[in-house]
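There are 2 protein chains.
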Amino acid sequence: MTIHTALDELSEVLGDRLSRSESDLALHGRSEAHFPETLPDGVLYPDSTEQVATAVRICATHGCPITGWGVGTSLEGHALATKGGVVMDFSRMDKVVEINAEDMDVRVQPGVTRSRLNEELRATGLFFSVDPGADATIGGMAATRASGTTAVRYGTMRDNVRALEVVMADGRVIRTGSRARKSSAGYDLTGLFVGSEGTLGLITELTLRLWGQPEAVSAGVCAFPDIGSAVDCVIETIQLGIPLARIEFIDAECVRAFKMSSGTDMEEKPHLMVEFHGSETAVAEEAARFGEVVAEHRGGPFHWSAKPEERTKLWKMRHEAAYSMRALKPGAVMMATDICVPISRLAEAVEETTADIAASPIPGPILGHVGDGNFHATLLIEPGNAAEMKAAKDLAARMADRALRMGGTVTGEHGIGLGKLDYMEAEHGDGWSVMGDIKRALDPGGLLNPGKLIRSN
Amino acid sequence: MTIHTALDELSEVLGDRLSRSESDLALHGRSEAHFPETLPDGVLYPDSTEQVATAVRICATHGCPITGWGVGTSLEGHALATKGGVVMDFSRMDKVVEINAEDMDVRVQPGVTRSRLNEELRATGLFFSVDPGADATIGGMAATRASGTTAVRYGTMRDNVRALEVVMADGRVIRTGSRARKSSAGYDLTGLFVGSEGTLGLITELTLRLWGQPEAVSAGVCAFPDIGSAVDCVIETIQLGIPLARIEFIDAECVRAFKMSSGTDMEEKPHLMVEFHGSETAVAEEAARFGEVVAEHRGGPFHWSAKPEERTKLWKMRHEAAYSMRALKPGAVMMATDICVPISRLAEAVEETTADIAASPIPGPILGHVGDGNFHATLLIEPGNAAEMKAAKDLAARMADRALRMGGTVTGEHGIGLGKLDYMEAEHGDGWSVMGDIKRALDPGGLLNPGKLIRSN
Ligand SMILES: Cc1cc2nc3c(=O)[nH]c(=O)nc-3n(C[C@H](O)[C@H](O)[C@H](O)COP(=O)(O)OP(=O)(O)OC[C@H]3O[C@@H](n4cnc5c(N)ncnc54)[C@H](O)[C@@H]3O)c2cc1C
Ligand SMILES: Cc1cc2nc3c(=O)[nH]c(=O)nc-3n(C[C@H](O)[C@H](O)[C@H](O)COP(=O)(O)OP(=O)(O)OC[C@H]3O[C@@H](n4cnc5c(N)ncnc54)[C@H](O)[C@@H]3O)c2cc1C
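Residue numbers (the UniProt record's numbering), protein chains in the order written: chain A, 1 to 457; chain B, 1 to 457.
Okay, chain A solo, but in the shape it has when bound:
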């Protein structure tokens, strides 16, 4: 078999960088979500760009699929090697290569995680802003065009990657972008690879934009009588130009999950969690102005603080939300949803979704990065329960329809992987074919993460 010939040659050339151990295959055969386990034939742990290029050339010769792997936290089965072949695990390529404090940029290998990167940056007064709930790798985050709670202020991976080194499907190594803050020098290849889910090339190095740690931070949380008031409060805050660094929505069901896992004394009502970054006077002023908007929308009282401990507690709870929610239904598998709509349609979108879930047999707490119009209902399914799985799929499909009907997108930040393939035609029409044309031009053998993102032949 061609895959096995490739594996033999990989093992000959790269030695113990290739593993075929059962535990390694199993570890790289599952995802965080509801997709069935699917084992790769081998797992590669490259140390360097050269090893990646060598491996890709060997795989290309033998027609062996290659699927990149960061830490496997993606939520749509992105990193599952559904056509077999090798998984390329970047965990050994995890160095922070060069920090340029003056230019506020950093060069990293793809396997470094966002939290370790920020630890290494601490002394510089700078930070990397993108923060998905999981401690993902920078390579995985670039590949899925990830974002998180701070996108409303600092943007997504699209906005925070300046340059890449990429190994192409034929083993060529290219560099895209530069350390300049902007450029008009030809097609934006950096932007093309960001979000391409490992289907166009493997990212072996990234230059990231950094931000200065704000002089002061204030953060707080408050309850609202209903979803509509909470969302209207978000819209008005944005329109008033109050500069939000974070604004997260949490529904009552989600608060219930937090209470079970962290013992918070929040009321079981919809909440907003917010944060402001700026000078000391500015963050106090902004928190105060936000408090007024909250009151106008019958929310509050808005408790806020500039104390680091209280802030950390708040965002820790938020970041662990996915795990808390699973506690609502122990043993459940999760189906993540991720729609993003124009802000003017957000209340409607959340309310329709809430009603739809309430009428279904499964729980689906909702939270979201509402400053961007992006929210998730985490659908919790009893493993092996076909009726619940069907109910979840139907709910997710109706959310996707809803997002498109409102001028939005089926995925704000998680990506397509396997789980959202069925909506690509509806979202992009002929644009999806254009994506296929690009894929075939850059990966004619279809070896890079096959079965994902693009229409299968």
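Bear in mind the hints are in silico, worked out from the structure with no lab data behind them. Please read all numbers here as calculations on a predicted model, not as lab measurements. Glycine residues also receive a C-beta, built at the ideal position from the N, C-alpha and C atoms. Hints may be right or wrong, so weigh each one.
Said to hold, decoys possible - Which stretches of chain B does chain A cover? Using the computed rule of at least three CB atoms under 8 Å from a CB of chain A, they are: (1) 138 to 149; (2) 334 to 342; (3) 408 to 418.
Said to hold, decoys possible - Label pairs and their in silico Cβ distance ranges: (4) B:Asp170 x A:Lys313: 53 to 59 Å; (5) B:Ser48 x A:Pro444: 33 to 39 Å; (6) A:Glu292 x B:Glu425: 55 to 61 Å; (7) B:His319 x A:Ala284: 35 to 41 Å; (8) B:Gly125 x A:Ala284: 53 to 59 Å.
For chain A, the structure is supplied; the task is to place chain B with the ligands on it using the hints.
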């Protein structure tokens, strides 16, 4: 001839939307820069996306090149039909289709100019932020990935286009992006078309991000003893996190041009022009803090004001800079340069360039969007003077080398067109071939703006 068959059929199907008048050909045969005149065979003035698609299908059938045209202000000969065929002039597709104030976005046809768009937006309290020195069209600006004085705060066209309608080389009409603020739904086609200079598709509609007009604005100008101090002042201001809305550098030669054309009483020294956007207290505070940084760098006094008249005068002078500079050498043609480097290398880059120009036989006043590390030396050449043309080309080539050596890009905002083709290999290496692969996949006949951006076969 195939081009003529195409023209006959275009005239049959589209009637007077096609012009072959000498004046129209001449008008679309020249550029703002030093490139020789080159006439197209016909000029099309489509009224609608359908007409664009029809025309493209006819041209595709007959192998007739098509080059888009906004208002022809691009600086690298982008819109010249060097292989003949038709120029597609978008001036009749200039409608503001839909303003969504709540979502802070607007849908426009490509032929609307930035100043008219902002006039139409005035009553909404919102504005479109990208402002190249010329009153360019939004379609042309997207095609060149333009920016301008406000990019340091609001980003470039890359950051301000949410969605596009594009007519592909085979006449298919696709939509990219959506009205959502972010998305991870597949390859970023919007980002791919932005900056593609009409070589991958023709843009027939754009959805743009808008910004709230700031509550207050302060602006000012100050002189520095030398270039190094001015640039160091920029770097420190950015590192202190003082939020700049604009920061422009102008060298002494450039001030001389301003004095000749507008009679300003500025000293013939390097200057910075700056602007701050925010609340009334914030913009006053920021101007004051900036004034301190200026003084530390031996600049000043820093005069600032929150009065609209004074601000308008300041930026009018800046926006008319290119025209003022030509007055330094009446009748001269201009070669624009446009390098962008990491901010830490900016002083070095400007100083080396200044010395290089001083040693050459031609004038080249320098100004730039220094907050992004981007600056232009406008090289002024006597028409028909081969020695001056050679001197200019050599200076421009050395600027390009300098930018690449410092980790930057040969073009921060103007694009490649004809003038920067020779540097693509040096900037992108194999990445340039990847751009060629994409071009061939989406425009296999090579009909869209042939001869630009991509390596010619
Ligand atoms: C609890 C929880 C909360 C989350 N919250 C968020 C959130 O707020 N926002 C958000 O955006 N996401 C969120 N996610 C999803 C997930 O964290 C992101 O999708 C993340 O970007 C995945 O990174 P990873 O390193 O785990 O990548 P993986 O899952 O390992 O891989 C993801 C994709 O990237 C490809 N890939 C990985 N490395 C490379 C490389 N070097 N080159 C090319 N392709 C590569 C893989 O092939 C795969 O297609 C959450 C997930 C969980 C479990
Ligand atoms: C005085 C002066 C100052 C300038 N200052 C700046 C500045 O500060 N920043 C900056 O970025 N630029 C600046 N420029 C350059 C110029 O304004 C920009 O390049 C602008 O984006 C060109 O827009 P246009 O409408 O004139 O396009 P054109 O010159 O007509 O066309 C530019 C390119 O876009 C393509 N194109 C046009 N319309 C479409 C369409 N609908 N679909 C597909 N392709 C299309 C054309 O084929 C061509 O390749 C300046 C120019 C001048 C003369």
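Okay, Ser48 (chain B) versus Pro444 (chain A) on CB: inside 33 to 39 Å?
Since Ser48 (chain B) and Pro444 (chain A) have Cβ atoms about 37 Å apart, the given range 33 to 39 Å holds.
How does the Cβ-Cβ distance of Gly125 (chain B) and Ala284 (chain A) compare with 53 to 59 Å: does it lie in that range?
26 Å, violated
Note whether the CB distance of Asp170 (chain B) and Lys313 (chain A) lies within 53 to 59 Å or breaks it.
The hint (53 to 59 Å, Cβ to Cβ) holds, given that Asp170 (chain B) and Lys313 (chain A) are roughly 57 Å apart.
For the stretch 408 to 418 of chain B, does the count of residues with a C-beta closer than 8 Å to a C-beta of chain A reach 3?
Satisfied; 9 residues make the cut.
Within 8 Å of chain A (C-beta), three or more residues of the stretch 138 to 149 of chain B
holds (count 4)
Tell me if the beta carbons of His319 (chain B) and Ala284 (chain A) are separated by a distance inside 35 to 41 Å.
38 Å, holds
8 Å C-beta test of the stretch 334 to 342 of chain B against chain A, three or more residues:
That given contact holds, which follows from 4 residues of the stretch 334 to 342 of chain B lying within Cβ reach (below 8 Å) of chain A.
Supplied distance hint 55 to 61 Å, evaluated on CB atoms of Glu292 (chain A) and Glu425 (chain B)
The hinted range 55 to 61 Å holds for Glu292 (chain A) and Glu425 (chain B), with Cβ atoms some 58 Å apart.
When each numbered hint is compared with the structure, a violation occurs for hint 8 only.
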